[in-house]
Each structure stands twice: as structure tokens, then as C-alpha cells.
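K.L.:
Chain residues, written in single-letter form:
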Amino acid sequence: MTSPDHQPINSSPNTPLPAPLNTETSHGRIPGNTGIWVGIFCVLVEFLMLFTAYFIARVHNPEDFLVGPDKLVTLAGTTITLLLLTSGYCMVKAVNAIRTDQRKASLRWIILATILGFGYPVVKYFEIQWYIQQDVNAEHGVFYGAYYYLTLNHLVHVSWGLLGLLFVALRTAMGGYSSKSYSGLEAAALYWHTTDILWLVLFSFFYILR
Amino acid sequence: MIGNTEKIWLTLISLTVLGALLGETGNSGWPLTLTVAALIYIKGSIVINHYMEMRLANARIRNVLRLFITLIPILVIITFVWGEEIRRLTTLS
Chain Y
11 MTSPDHQPIN
21 SSPNTPLPAP
31 LNTETSHGRI
41 PGNTGIWVGI
51 FCVLVEFLML
61 FTAYFIARVH
71 NPEDFLVGPD
81 KLVTLAGTTI
91 TLLLLTSGYC
101 MVKAVNAIRT
111 DQRKASLRWI
121 ILATILGFGY
131 PVVKYFEIQW
141 YIQQDVNAEH
151 GVFYGAYYYL
161 TLNHLVHVSW
171 GLLGLLFVAL
181 RTAMGGYSSK
191 SYSGLEAAAL
201 YWHTTDILWL
211 VLFSFFYILR
Chain Z
32 MIGNTEKIWL
42 TLISLTVLGA
52 LLGETGNSGW
62 PLTLTVAALI
72 YIKGSIVINH
82 YMEMRLANAR
92 IRNVLRLFIT
102 LIPILVIITF
112 VWGEEIRRLT
122 TLS
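Chain order of the listed sequences is Y and Z. Using the numbering used here, read the first sequence as starting at 11 and increasing by one per residue. Using the numbering used here, read the second sequence as starting at 32 and increasing by one per residue.
What the hints contain is simulated information worked out from the structure, not anything from laboratory work. All figures in this text were calculated on a predicted structure; none of them were measured in a lab. Where a beta carbon is used, it is the ideal one built from N, C-alpha and C, also for glycine. A portion of the hints provided could be inaccurate.
Stated by the list, open to error - Covered by chain Z, per the in silico footprint, the following chain Y stretches (three or more residues, Cβ under 8 Å):
1) 70 to 77
2) 83 to 89
3) 152 to 165
4) 207 to 218
Unchecked claim - Computed list of chain Y residues with no C-beta within reach of chain Z, every gap over 10 Å:
5) I125
6) L176
7) R181
8) G186
9) S193
Unchecked claim - Using C-beta positions, here's what the derived DEER-type ranges look like:
10) Y:A115 <-> Z:E116: 51 to 59 Å
11) Z:I105 <-> Y:K190: 37 to 45 Å
12) Z:R86 <-> Y:H150: 42 to 50 Å
13) Y:L180 <-> Z:G114: 46 to 54 Å
Assemble the whole structure, with the sequences as input and the hints as a guide.
P.N.:
Written out as C-alpha cells, the structure reads:
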């Protein structure tokens, strides 16, 4: 692995930059950039609070949470999970490609990741349309209120991630990244993977757990 | 020849399908709770370690992510075991 254009967290202007890191000695590197980690940690704290609200709602309304998943379309939740995980896989390939200066290959992977990522709001749109037709809404109990609040909140964060993917696709197309400078691309990928993790939890909470 | 990244992706996909099939059974109780907790931990850890390459990352960042993905399954189990106690503790009146 090569080192993107960033410094270790403890480095100062007077400290000479370390030699490029390789896989064996790269423990301690900050993937992406420090800015993206501030954003990621904020998102994790936000969702930890939302998950806490979910757990409290759950213990207060066990019956709602026992039967709630029955009216949700597991196929839609599963499809979103598969789309996000496959999109994440594409971003791993995109970062790996840029590390060897394969810009065209990297761009192709980013575009594929973005297309798969846009599948999420499309599936979610049809899923919610179905619920509206079936009269499954937040008025039918705390479970559905929590479901809409948390999943739509997640969709908002995925939207930021998609905008990030579009941006890095544009920059990659313009030759903005190379094996020596790709922290922006890696940062977008890291944020995208974070939305993966959060969805894995939401999928389990609403579609599987009873 | 399937590469390591592809194997990881296939593992994640397989675990997702397994979870979906589990959800379709409509079961509840201990076995489901423990399985869901395990699935969250395993899938989340795979994404953190392999997709995000946290095995090679700064220890502070790695530890925060690992703490997050460990805490959630623990909360799933705690809520199942001590649901009534938590309900009483979080009741205002």
C-alpha cells in the first residue's frame, strides 16, 4: 500500500515527513484525511443516539416491535443491503486501482459504485410507495415511527455520500488523483463504507429482529 | 481466480441473505437475538477491517470504530435480557 497525501496525526511543520509507508509499517496511518473522520465520528455519535432511542422505544412497546417487521418488505431491505455492500466493494476496487495509477479503471469502479448507490433511493422510493398503498405509516405504532425516522435519516446521509461519489468521479475523470495523491478519493470511500455499516445495523433492527 | 476482496464481498452477501432468510421465518427469542447480534458484529467488523482497512489504520480511529460495532450487539442483548428493567428506568412518571 502506498501513502496518500496526508501526514500522521502527531506530525508538526518542523517534523520531517516520514518515508512512504508500506503495508508492513503503515500501522498508525490515517486513511483518507482527518476532516472526514470528524464527519464520520459525528455521524456515529448521531446514530448511536438514534439507536438508543430505538432500544428505549423497543422496551416500552415490545408488542409493536414483535409484529412490526411482518409488514415490512424484507426483499426491499435485502436489496438495499446488497446494493450498498456491492457499491462499497466497487469503491475498494476504485481505491486499489488509483494506488497503481490505473485512473480509467478507478473511474469505472467509482461510476459503478455510484450507479449501484443510486439504486438505494430508487428501491426506497418504491418500498415507501408500497407502504403508503398498504396504509403502513407512522400512525400505526412506535415501530413504524422509528422505522421511518431512522431509515429516512440514513437515506439523507447516503445522499451526502452519493454527492461525494459524484465529486470524486469528476475529479478522477479530470486526473485529480494519482498513486501519490488520493486522500480525497479514499475519504469519500470511507464515508460510503460508514453508511454501509449503519445500514447493516438498521436492516437487522427493522427487518430481522423481533 | 477469486481475489481476497471478492471473497470478502461474497461473505458479506452470503451473511446478508442468511439474515434475510432468518427474518422471513418470523421467529423471535434468544436464538434470533443472539444470531442478529452476531451478524451485526461479524458484518460490521468485516467492513471495518477489510473495506475500510482499519487493520492498518491509526489505533484511535480503529478503536472507535471497533467500539461502535461491538457496542451495538451488546445493546441488542442487554435490551433483550433486561428489557423490563430498562423500561422502568426510562419511565418518567
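K.L.:
Sort out which numbered hints this structure fails and list those numbers smallest first.
P.N.:
3
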